Amino acid sequence: MTQNIERHKYDIVVIGAGGAGLRAAVEAREAGLSVAIVCKSLFGKAHTVMAEGGAAASMGNVNDNDNWMVHFRDTMRGGKFLNHYRMAELHAKEAPDRIWELETWGALFDRTKEGKISQRNFGGHEYPRLAHVGDRTGLELIRTMQQRIVALQQKDQRDTGDAEKNIKVFAEVTITEILKENGKIAGAYGYRRSNGEEILFEAPAVIIATGGVGKTFKITSNSWEGTGDGHALALKAGANLVDMEFLQFHPTGMVWPLSVKGLLVTESVRGEGGILTNTAGERFMFKYIPDVFKDKYADNEAEADRWYVDQDNNRRPPELLPRDEVARAINSEVKAGRGTEHGGVFLDVSKRLSAEIIKKRLPSMWHQFYELAGVDITKEPMEVGPTCHYVMGGVEVEPDSAAAVGVDGLFAAGEVAGGMHGSNRLGGNSLTDLLVFGRRAGMGAANYVKTHGANPVSDATIEKAAARIAAPFTRTGGENAYALHQELQEVTHNLVGIIRTGPELSEAIEKIAELRKRSANISVSGDRVFNPGFHLAFDLDNMLLVAESTAKSALLRQESRGGHTRDDFPGMNSTWRQVNHISSFDGEQVNIKAQPLPVLPKELFDLFDVHELEKYMTPQEIAKGGSN
Amino acid sequence: MARTLKLRIWRGNDKDGALQDVSVEANSGEVVLDIIHRVQATQMGDLAVRWNCKAGKCGSCSMEINGKPRLACMTQISAYPEDEVITITPLRAFPVIKDLVTDVSFNYKKAMEVRAYEHPVDLKPGDARMEQVDVERSQEFRKCIECFLCQDTCHVIRDHEENKKSFAGPRFFIRIAELDMHPLDTLRNRKQTAQQEHGLGMCNITKCCTEVCPEHIRITDNAIIPMKERVVDVKYDPLRWLGSVIRKRDGIL
Ligand SMILES: Cc1cc2nc3c(=O)[nH]c(=O)nc-3n(C[C@H](O)[C@H](O)[C@H](O)COP(=O)(O)OP(=O)(O)OC[C@H]3O[C@@H](n4cnc5c(N)ncnc54)[C@H](O)[C@@H]3O)c2cc1C
Ligand code: SF4
Ligand code: SF4
Ligand code: FES
Chain P
1 MTQNIERHKY
11 DIVVIGAGGA
21 GLRAAVEARE
31 AGLSVAIVCK
41 SLFGKAHTVM
51 AEGGAAASMG
61 NVNDNDNWMV
71 HFRDTMRGGK
81 FLNHYRMAEL
91 HAKEAPDRIW
101 ELETWGALFD
111 RTKEGKISQR
121 NFGGHEYPRL
131 AHVGDRTGLE
141 LIRTMQQRIV
151 ALQQKDQRDT
161 GDAEKNIKVF
171 AEVTITEILK
181 ENGKIAGAYG
191 YRRSNGEEIL
201 FEAPAVIIAT
211 GGVGKTFKIT
221 SNSWEGTGDG
231 HALALKAGAN
241 LVDMEFLQFH
251 PTGMVWPLSV
261 KGLLVTESVR
271 GEGGILTNTA
281 GERFMFKYIP
291 DVFKDKYADN
301 EAEADRWYVD
311 QDNNRRPPEL
321 LPRDEVARAI
331 NSEVKAGRGT
341 EHGGVFLDVS
351 KRLSAEIIKK
361 RLPSMWHQFY
371 ELAGVDITKE
381 PMEVGPTCHY
391 VMGGVEVEPD
401 SAAAVGVDGL
411 FAAGEVAGGM
421 HGSNRLGGNS
431 LTDLLVFGRR
441 AGMGAANYVK
451 THGANPVSDA
461 TIEKAAARIA
471 APFTRTGGEN
481 AYALHQELQE
491 VTHNLVGIIR
501 TGPELSEAIE
511 KIAELRKRSA
521 NISVSGDRVF
531 NPGFHLAFDL
541 DNMLLVAEST
551 AKSALLRQES
561 RGGHTRDDFP
571 GMNSTWRQVN
581 HISSFDGEQV
591 NIKAQPLPVL
601 PKELFDLFDV
611 HELEKYMTPQ
621 EIAKGGSN
Chain V
1 MARTLKLRIW
11 RGNDKDGALQ
21 DVSVEANSGE
31 VVLDIIHRVQ
41 ATQMGDLAVR
51 WNCKAGKCGS
61 CSMEINGKPR
71 LACMTQISAY
81 PEDEVITITP
91 LRAFPVIKDL
101 VTDVSFNYKK
111 AMEVRAYEHP
121 VDLKPGDARM
131 EQVDVERSQE
141 FRKCIECFLC
151 QDTCHVIRDH
161 EENKKSFAGP
171 RFFIRIAELD
181 MHPLDTLRNR
191 KQTAQQEHGL
201 GMCNITKCCT
211 EVCPEHIRIT
221 DNAIIPMKER
231 VVDVKYDPLR
241 WLGSVIRKRD
251 GIL
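Chains as they are written, first to last, in the numbering used here: chain P, 1 to 628; chain V, 1 to 253.
It is worth saying that the hints were derived from the structure and are not from the lab.
Accuracy of the hints is not assured; some may be wrong.
What the hints assert, rightly or not - In silico negatives: residues of chain P with every beta carbon more than 10 angstroms from chain V:
{"hint": "1", "residue": "Gly-32"}
{"hint": "2", "residue": "Ser-41"}
{"hint": "3", "residue": "Arg-136"}
{"hint": "4", "residue": "Thr-160"}
{"hint": "5", "residue": "Ser-223"}
{"hint": "6", "residue": "Ser-259"}
{"hint": "7", "residue": "Leu-263"}
{"hint": "8", "residue": "Ser-350"}
To be verified - Mimicking SDA-like on lysine to any residue, the simulated pairs with C-alpha atoms at most 20 angstroms apart in a straight line are:
{"hint": "9", "chain 1": "P", "residue 1": "Lys-113", "chain 2": "V", "residue 2": "Glu-136"}
{"hint": "10", "chain 1": "P", "residue 1": "Lys-155", "chain 2": "V", "residue 2": "Glu-136"}
{"hint": "11", "chain 1": "P", "residue 1": "Lys-351", "chain 2": "P", "residue 2": "Asp-376"}
{"hint": "12", "chain 1": "V", "residue 1": "Lys-6", "chain 2": "V", "residue 2": "Met-74"}
{"hint": "13", "chain 1": "P", "residue 1": "Lys-9", "chain 2": "P", "residue 2": "Asp-156"}
{"hint": "14", "chain 1": "V", "residue 1": "Lys-110", "chain 2": "V", "residue 2": "Gly-201"}
{"hint": "15", "chain 1": "V", "residue 1": "Lys-165", "chain 2": "P", "residue 2": "Gln-154"}
{"hint": "16", "chain 1": "P", "residue 1": "Lys-113", "chain 2": "V", "residue 2": "Ala-128"}
{"hint": "17", "chain 1": "P", "residue 1": "Lys-165", "chain 2": "V", "residue 2": "Tyr-108"}
{"hint": "18", "chain 1": "P", "residue 1": "Lys-236", "chain 2": "P", "residue 2": "Val-529"}
{"hint": "19", "chain 1": "P", "residue 1": "Lys-165", "chain 2": "V", "residue 2": "Met-112"}
{"hint": "20", "chain 1": "P", "residue 1": "Lys-261", "chain 2": "V", "residue 2": "Lys-207"}
{"hint": "21", "chain 1": "P", "residue 1": "Lys-155", "chain 2": "V", "residue 2": "Val-121"}
{"hint": "22", "chain 1": "P", "residue 1": "Lys-168", "chain 2": "P", "residue 2": "Glu-202"}
{"hint": "23", "chain 1": "V", "residue 1": "Lys-110", "chain 2": "P", "residue 2": "Asn-278"}
{"hint": "24", "chain 1": "V", "residue 1": "Lys-207", "chain 2": "V", "residue 2": "Asn-163"}
{"hint": "25", "chain 1": "P", "residue 1": "Lys-155", "chain 2": "V", "residue 2": "Lys-109"}
{"hint": "26", "chain 1": "P", "residue 1": "Lys-261", "chain 2": "V", "residue 2": "Asn-27"}
{"hint": "27", "chain 1": "P", "residue 1": "Lys-261", "chain 2": "V", "residue 2": "Lys-109"}
{"hint": "28", "chain 1": "V", "residue 1": "Lys-124", "chain 2": "P", "residue 2": "Gly-115"}
{"hint": "29", "chain 1": "P", "residue 1": "Lys-360", "chain 2": "V", "residue 2": "Lys-143"}
{"hint": "30", "chain 1": "P", "residue 1": "Lys-517", "chain 2": "P", "residue 2": "Pro-601"}
{"hint": "31", "chain 1": "P", "residue 1": "Lys-351", "chain 2": "P", "residue 2": "Lys-236"}
{"hint": "32", "chain 1": "P", "residue 1": "Lys-168", "chain 2": "V", "residue 2": "Glu-136"}
{"hint": "33", "chain 1": "P", "residue 1": "Lys-624", "chain 2": "P", "residue 2": "Pro-601"}
{"hint": "34", "chain 1": "V", "residue 1": "Lys-15", "chain 2": "P", "residue 2": "Val-529"}
{"hint": "35", "chain 1": "P", "residue 1": "Lys-155", "chain 2": "V", "residue 2": "Asn-189"}
{"hint": "36", "chain 1": "P", "residue 1": "Lys-615", "chain 2": "P", "residue 2": "Phe-585"}
None of the values given here were measured: they were computed from a predicted structure.
Beta carbons are placed, not taken as given, at the ideal position from N, Cα and C, and that holds for glycine.
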């Protein structure tokens, strides 16, 4: 039967056509290798198109004090020093070149008065640093690289008569398995979403660039693609995930109407004066100012209101506390019964600003609420609540080559890779992460293929992968994938969400294991032709592994840091900062082990004021002053 | 708030199909895509629909709602009277794969036919300087989310399969215009190829494409008409054509 399967041979298979995957493919192709790009959606529609704010790179176009060292420091602080220092360093150093390179491929960023690429301020970045195109920066990235790939294909057309000879996009194909022979990568296996037919890629190197995991949660800003496929594929192929307990919850996602649950409400709404209130009409953020921020944030309304006109003599309104603080506060209000019936709180700009100014300063937000929710934000408050936005954890990689630790021939880049952002990602750092490490993964894989050569896939391996795809159709009257997905989302939302406790996490782990058992019995109605129920069965399997990995890592980490908050262990702990949690899969379940975090080398250690480092590091680490 | 909504959804494949009546619960504030998802989860597990972002940003969920090309994720059910039956059909200009999903590969073929951006060879990365006003003209066209609603509605190809070969469609007219107005692109004669190779002449400026564009790109006014005018200029004024060699980027031609 393996004879009838659609087969392709390439040097490299890239799974994912978001920013990371496309950048990797361009690099590998330019290194002279043949590349297949595989993605679940149509070409040019990956989740990256949703990114709005911008791409962080210290070009210094707006403030020339900016440089890679300042960016590096900001990134480490944002991640509460749990970042892999080498990734943060490479990212900060190479981001400007990656942005400028896009311009040579036709990208059109917004400009400064001098005609350079404009840069905007964002939370956690010391200087204006985000290159942007209005509020559609992600789309510009995708379109530019999509068109770069077309340019390479046109060149091949002219040179060889075959546009798709060296680089080809396989859109609407889901990879269900990464294949290995003799312990090394040999290819990937999946199905065409349009007709359910199976497809085999033989390739000695595979780059995973599958993005995030948001759909594991009930409320998320992510598109449907964010089902953690790459995380799960990597685990099953024998790679590790690092620090899966860290998830970024953005404080303001829409919660109502249902139609837009989770959709992002940009931070600028609060920046422009939006206030948060509960159903009792109380402006509750004043109750949630942590001690460390007391001198920077106003503790009364009068002062907070004055700040908008006089920022020198007043403290900031507490609505502008860091993302994790605001998210936790909203969560507490709702848990205490002061939330709206849809589980959110009110965010209101209509009382402070005139309709005209709101439409001018927040055009896309006005549009988003008006078109999608029928809410006129110039007249009524928005209902908002935390939304699962980004996963910091991901595949453990070698920073320089993006090679997955432990599996020869496997690489990972973008949101699916771990380490770069530590326990919390700064806004804008993801888009440049995609470019910097996408390129490095392309190079890494190209170098690997040049030194290793082909690794054919055996029939036995193919048969195993094919059997798994056929399975849901062989069962009748089994579980419904949609219902199981909803149950999983309830579990993660209620027990592994923004505030966690030991007992709840233990309960989650049990429930997820139960769901995994039941999911083995999913049956699918209809046939293989574009069948979403069938598609979900595979996505769900991945989400279950991701959820297990997150819950188990979260249970072990007995501290609160960045995107991981333990009610029973509040506060950061310097000893825990030295620990990475490594997830691996034994075929039955996910196991977690603690591994020492790579130590900051002296030259990077010395970029910081030692008093700042004292807040994060143990006295022994400070005394040592870096690794060499 | 919940009400029962009557839908007529086209189900079928490339060979045949028919409208099917469904009743489904709907909540206020929901969009058509929510309703389709509810039908999927509760009544038709294998109902095919393409979508991705559910935020009007990716252009995947294009279909025809009561005969109008629209994004399902940006179409509120409250826009339709309570007792109205909403009819949902796949894009008419493209072959059906299944139910609401069509084969839009035509558009990717056309994309391949438009010659790519060419950067000045001697301009190093980071050295480009452009005025905001100059990039804005092309930026308008780069807002395109490739939903292909404009392609679907354009009468030149909507019911005329035979025209597809020689007609790129509005989406690619704005792509050519974008490159033509790009302050740095060095490839010349884009307007002429729009006419000669991409079928610009077949467009008779009905503006239907502009009307359906969810990004409100002024396809006809800002891309098609200026290109048509300039093509005319270029065709009949050899002196200006000569000038274009040097001055193309000054927005003269
Ligand atoms: C609303 C929103 C706004 C954001 N704004 C910003 C911002 O302003 N700045 C910033 O830096 N970051 C921002 N982010 C974060 C950033 O957009 C993402 O982290 C980033 O786009 C992820 O890119 P990626 O290339 O890793 O993957 P994605 O863009 O998610 O692409 C994943 C690709 O993998 C494919 N894929 C997945 N699984 C499979 C499989 N099994 N088989 C085949 N293909 C598969 C998908 O089809 C897709 O093509 C934002 C995120 C959201 C949700
Ligand atoms: S204006 Fe031209 S391109 Fe647009 S719909 Fe009419 S004929 Fe088609
Ligand atoms: S021009 Fe408008 S209608 Fe046409 S594909 Fe682009 S976004 Fe869609
Ligand atoms: S799903 Fe992306 S535009 Fe509708």
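Hints versus structure:
1. The beta carbon of Gly-32(P) sits about 20 angstroms from the closest Cβ of chain V, which is more than 10 angstroms, so the claim that it is off the interface holds.
2. Not every CB of chain V lies more than 10 angstroms from the CB of Ser-41(P), the least distance being 5 angstroms, so the non-interface label is violated.
3. Non-interface status of Arg-136(P) relative to chain V is broken: a Cβ of that chain comes within 10 angstroms, the nearest being about 6 angstroms off.
4. No beta-carbon of chain V comes within 10 angstroms of the beta-carbon of Thr-160(P); the shortest separation is about 15 angstroms.
5. With a minimum CB-CB distance of about 5 angstroms to chain V, Ser-223(P) fails to clear the 10 angstroms threshold, and the non-interface call is violated.
6. The Cβ of Ser-259(P) sits about 4 angstroms from the closest Cβ of chain V, inside the 10 angstroms cut-off, so the non-interface label is violated.
7. Non-interface call for Leu-263(P) relative to chain V: violated, since the shortest CB-CB distance, roughly 6 angstroms, does not exceed 10 angstroms.
8. Residue placement check: Ser-350(P) keeps its beta carbon more than 10 angstroms from all beta carbons of chain V (closest about 18 angstroms).
9. At roughly 14 angstroms between alpha-carbon atoms, Lys-113(P) and Glu-136(V) fall within 20 angstroms of each other, so this suggested pair holds.
10. Restraint check for Lys-155(P) and Glu-136(V): not satisfied, since their Cα atoms lie roughly 29 angstroms apart, outside the 20 angstroms limit.
11. Proximity of Lys-351(P) to Asp-376(P) is assessed by CA-CA distance (about 13 angstroms); at most 20 angstroms being required, the pair is judged to hold.
12. Taken as a hint, the Lys-6(V) and Met-74(V) pair is honoured in the structure, with Cα atoms around 19 angstroms apart against an allowance of 20 angstroms.
13. Between Lys-9(P) and Asp-156(P) the CA atoms are separated by roughly 18 angstroms; this keeps the pair inside 20 angstroms, and the hint holds.
14. Of the pairs offered as hints, the one joining Lys-110(V) and Gly-201(V) holds, with about 16 angstroms between alpha carbons and a cut-off of 20 angstroms not exceeded.
15. Restraint check for Lys-165(V) and Gln-154(P): the C-alpha separation of about 18 angstroms stays at or below 20 angstroms, so the hint holds.
16. In summary, the hint linking Lys-113(P) to Ala-128(V) is supported, as the alpha carbons are separated by about 13 angstroms, within the 20 angstroms threshold.
17. Restraint check for Lys-165(P) and Tyr-108(V): satisfied, since their Cα atoms lie roughly 16 angstroms apart, inside the 20 angstroms limit.
18. A hinted pair counts as satisfied when its Cα atoms are at most 20 angstroms apart, and Lys-236(P) with Val-529(P) does not qualify at roughly 27 angstroms.
19. Our distance criterion of 20 angstroms between C-alpha atoms is met by Lys-165(P) and Met-112(V), whose separation comes to about 14 angstroms.
20. Using a Cα cut-off of 20 angstroms, the hinted pair Lys-261(P) and Lys-207(V) is violated, with the two alpha carbons roughly 35 angstroms apart.
21. The suggested pairing of Lys-155(P) with Val-121(V) holds, with an alpha-carbon distance near 16 angstroms, which does not exceed 20 angstroms.
22. A C-alpha spacing of about 14 angstroms is found between Lys-168(P) and Glu-202(P), which places the hinted pair at or below 20 angstroms, so the restraint holds.
23. In summary, the hint linking Lys-110(V) to Asn-278(P) is not supported, as the alpha carbons are separated by about 53 angstroms, beyond the 20 angstroms threshold.
24. Simply put, Lys-207(V) and Asn-163(V) have alpha-carbon atoms about 18 angstroms apart, close enough for the 20 angstroms limit, and the pair holds.
25. Restraint check: the Cα-Cα separation between Lys-155(P) and Lys-109(V) comes to about 15 angstroms, which is no more than 20 angstroms; the hinted pair holds.
26. Pair hint Lys-261(P) plus Asn-27(V) holds up; C-alpha atoms about 13 angstroms apart against a cutoff of 20 angstroms.
27. For the proposed pair Lys-261(P) and Lys-109(V), the alpha carbon gap of about 36 angstroms is over 20 angstroms, so the pair is violated.
28. Taken as a hint, the Lys-124(V) and Gly-115(P) pair is honoured in the structure, with Cα atoms around 15 angstroms apart against an allowance of 20 angstroms.
29. Taken as a hint, the Lys-360(P) and Lys-143(V) pair is honoured in the structure, with Cα atoms around 19 angstroms apart against an allowance of 20 angstroms.
30. For the hint pairing Lys-517(P) with Pro-601(P), the CA-to-CA distance comes to about 45 angstroms; that exceeds 20 angstroms, so the pair is violated.
31. For the suggested pair Lys-351(P) and Lys-236(P), the alpha carbons sit about 53 angstroms apart, so the restraint of at most 20 angstroms is broken.
32. Under the criterion of a C-alpha separation no larger than 20 angstroms, the hint pairing Lys-168(P) with Glu-136(V) is inconsistent with the structure, at around 32 angstroms.
33. This hinted pair checks out: Lys-624(P) and Pro-601(P) have alpha carbons roughly 10 angstroms apart, not beyond 20 angstroms.
34. The suggested pairing of Lys-15(V) with Val-529(P) holds, with an alpha-carbon distance near 13 angstroms, which does not exceed 20 angstroms.
35. A C-alpha spacing of about 19 angstroms is found between Lys-155(P) and Asn-189(V), which places the hinted pair at or below 20 angstroms, so the restraint holds.
36. Taking the CA atoms of Lys-615(P) and Phe-585(P), the gap is about 35 angstroms. The hint is violated against a cut of 20 angstroms.
Consistency note: the structure conflicts with the earlier hints numbered 2, 3, 5, 6, 7, 10, 18, 20, 23, 27, 30, 31, 32, 36.
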